[in-house]
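> Produce the complete structure using the sequences and hints provided.
Residues per chain, in single letters:
Number of protein chains: 2
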Amino acid sequence: MSKEMIKEKIAQAVKILREKNIDMWLIFVRESSNIKDPSMDMVVGTSCTWQSAYIITKDGDTTAILGSLDVANMRMQGTYKNVVGYLRYIKDTLVGTINKYRPNKIAINFSRDSSLADGLTHGMYLELVDYLKDTPYLERLISSEEIISALRGRKTTSELDIMKHAIEETLKIIDETTHFIRPGVSEKEVAAYMKSLVKQRGFGLAWEADYCPSVFSGPDTAGAHAGPTDRKVEPGHVLNIDFGISYQGYCSDLQRTWYVLKDGEDKAPEEVLRGFNVIKDSIKLSAENIKPGRQGYEIDDIARKYITDNGYEEYPHALGHQVGRMAHDGGGLLAPKWERYGDLPFKKIEQGEVYTIEPRLPIKDFGIATIEEEVVVTENGCEFLSSPQQEIIIVR
Amino acid sequence: MSKEMIKEKIAQAVKILREKNIDMWLIFVRESSNIKDPSMDMVVGTSCTWQSAYIITKDGDTTAILGSLDVANMRMQGTYKNVVGYLRYIKDTLVGTINKYRPNKIAINFSRDSSLADGLTHGMYLELVDYLKDTPYLERLISSEEIISALRGRKTTSELDIMKHAIEETLKIIDETTHFIRPGVSEKEVAAYMKSLVKQRGFGLAWEADYCPSVFSGPDTAGAHAGPTDRKVEPGHVLNIDFGISYQGYCSDLQRTWYVLKDGEDKAPEEVLRGFNVIKDSIKLSAENIKPGRQGYEIDDIARKYITDNGYEEYPHALGHQVGRMAHDGGGLLAPKWERYGDLPFKKIEQGEVYTIEPRLPIKDFGIATIEEEVVVTENGCEFLSSPQQEIIIVR
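Those protein sequence lines, which keep their order, are chains A and B.
Numbered per this note's numbering, the first sequence spans residues 25 to 420.
Numbered per this note's numbering, the second sequence spans residues 25 to 420.
FYI, nobody ran anything at the bench for these hints, they're computed from the structure.
Computed from a prediction, not measured in an experiment: that's the story for all the values here.
Misleading hints may appear alongside valid ones.
Unchecked claim - Here are the computed lysine-lysine pairs in the DSS-like style, where the Cα-Cα straight-line distance is at most 27 Å:
#1 K286/B with K256/B
#2 K27/B with K256/A
#3 K115/A with K361/B
#4 K223/B with K60/A
#5 K361/B with K157/A
#6 K256/B with K60/A
#7 K361/A with K60/B
#8 K60/A with K361/B
#9 K219/A with K315/B
#10 K27/A with K212/B
Stated by the list, open to error - Beyond 10 Å from chain A on every Cβ pair, some chain B residues (computed):
#11 M25
#12 D137
#13 S210
Ideal placement from N, C-alpha and C gives every residue a C-beta, glycine not left out.
Quick look at the structure:
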């Protein structure tokens, strides 16, 4: 991420601290090459070695406290006003800096529900508690979940521009892949072809290379989140692909569905079209209902009910997640009220958030119908960022 | 990492559990694309989406408990005997699995001192505590630090073979770079040249591209861990480079020092040679003292004292760290007893560990002398994995 974008996100963090009336946000980390708090890419933009604290205050001050050998690098970044080094022990500098601001609330990165707001490791939490134990600040620690959720969710114009471009490029690769898909080609070969296009164009993959893209051809496939196999595309298969790229630090995440004609067919069979259309219409219906203030589970309910009302089994996952720097980004989810999603389905949808909508259903004896689109939440509704799939793509 | 190496490390983990008399090691994670416990690359080898538990027992059983959509992927990996999916909530499956083994000690990944043993986030810790609160197991949680320290530290033959190859290739690139270094070339250009060789040969970088390699030419440079600048190499500069590659999942980490001749010189000035030789000899002395059972701080003391006894200032960091899958790997450090290193300088050195030895000293008006070698601890001492730098490299 460019320094300008880091500064833009820091400025946005300050606004959010004011809005939520939180005095200070403290990111407390070490050895970020070994394990990296996801907030670092957002508002730090470089790495650290020893215990390090990045502090952003409601008043707009920014201070980085670092092992002395990391100081030059951070100054070269130029994104924090104060860069303070320590040699032997961070405690005094850290407590001294906090003291200067006398904060009533200090947000730190832990969250039971959101992985992106849970970058503080338990060992580092114990260190922090130890440093603060004789100060009034120990009692003033709160979760940064609502800061991070807003900061990652509310996309700036520069972020949206990058994301739109990533989506366009993803759809181009998907389009070109249609010419490669044919009977006899394996799932792995389709995936390798797509990866070659990604590499050629200088993009990254949005998630682990093992299953980006995921390619599923025909009935009885491995199911979502599994890698492509040696299974070959056959006439009569419904084939679907889940794929995203990473471009200038931001991800796309889209799915499309194909049908491979059998000899003598000139279109997909009725039952395939019916399944495909139920998915397509459930996405349209979901998008019509997304607007600021609604809770994610309400939207999931609408799609889930539409699909089961049409006689299909419900999808075993959430309807949609946010997208941003990560393929699974932000806080709130369009998810059912299952325990595994914690409080995330209850979050209110906000303007500027980018969600996927990605229901699925199995079409018996043919394969899985899935479409995944991306929408951005607007003042009164949402807009598609991806040009929605209207017809099942036919492979002749 | 290959599946075979994952299996090898799992088998080693079982041995270590027996040795330490710990019944169960529990890795508890989620959304590993967003934040990844460093143990996952070592004994899991793939990613997960929802809350997931990877359990290894003293008896050699392995169980992965995953969100249902991650199950197929994990089965395809074939590294865990039992792969169990859940749809809504991990709690019952997790507690049920633990119950089956009735462990007296359950090691989880938190550590105040070692980042590599601190992969459990605080939010996930709170989740785990909640799941276990009505069971006897809450009281039986201990830190996995000694397991991870041994597992990452004690290199298997296959690991050492890969690491040796990485070191050879790194030294080749450093050698070739000597021909590129000349007056008028900038630090950034030297770094770009080295990166082009890395890319050409299909390697990765051992740490953040911003400062891998780090290149420092002349006096008053930015200091360790900073990126290369536009500063140009000049006659009379001492130049040093810190560089490592990533090869088959393992890192190298080495430093070398050059001197750029002035007009009329045919060797480096006395004070430059003296500084260089003090570094070289301090490394030899350190290596002669490394053996199983000694504590890291003792070795650091020896090098630090040798350097200050020779009239130079002490280096503001540790003498050495372990190397492995990460450039900064393992537990124990060859570090001074400074608070920032916690208990790591007190760990006993073990056979099979790979350490860097990397003292530094400033040569006034010329630049920084640093050499970084890698050694592997043997039964009674240690052996150099890198062919040690004996002479300052001369640039004519």
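> Confirm or reject each hint.
Hint by hint, here is what the structure shows:
1. K286/B with K256/B: At roughly 15 Å apart (the allowed maximum being 27 Å), K256/B and K286/B satisfy the hint.
2. K27/B with K256/A: Holds. K27/B to K256/A sits at ~24 Å (cutoff 27 Å).
3. K115/A with K361/B: Roughly 16 Å separates the two Cα atoms, so the pair holds.
4. K223/B with K60/A: Given pair K223/B, K60/A holds - Cα atoms ~24 Å apart, limit 27 Å.
5. K361/B with K157/A: 23 Å, holds
6. K256/B with K60/A: 33 Å, violated
7. K361/A with K60/B: 26 Å, holds
8. K60/A with K361/B: 26 Å, holds
9. K219/A with K315/B: 47 Å, violated
10. K27/A with K212/B: 18 Å, holds
11. M25: Consistent with the label, M25/B stays out of reach of chain A, its closest Cβ about 12 Å off (over 10 Å).
12. D137: 7 Å, violated
13. S210: For S210/B, whose nearest Cβ neighbour in chain A is about 15 Å away, the distance exceeds 10 Å, so it holds.
Against the hints set out earlier in the document, violations occur for numbers 6, 9, 12.
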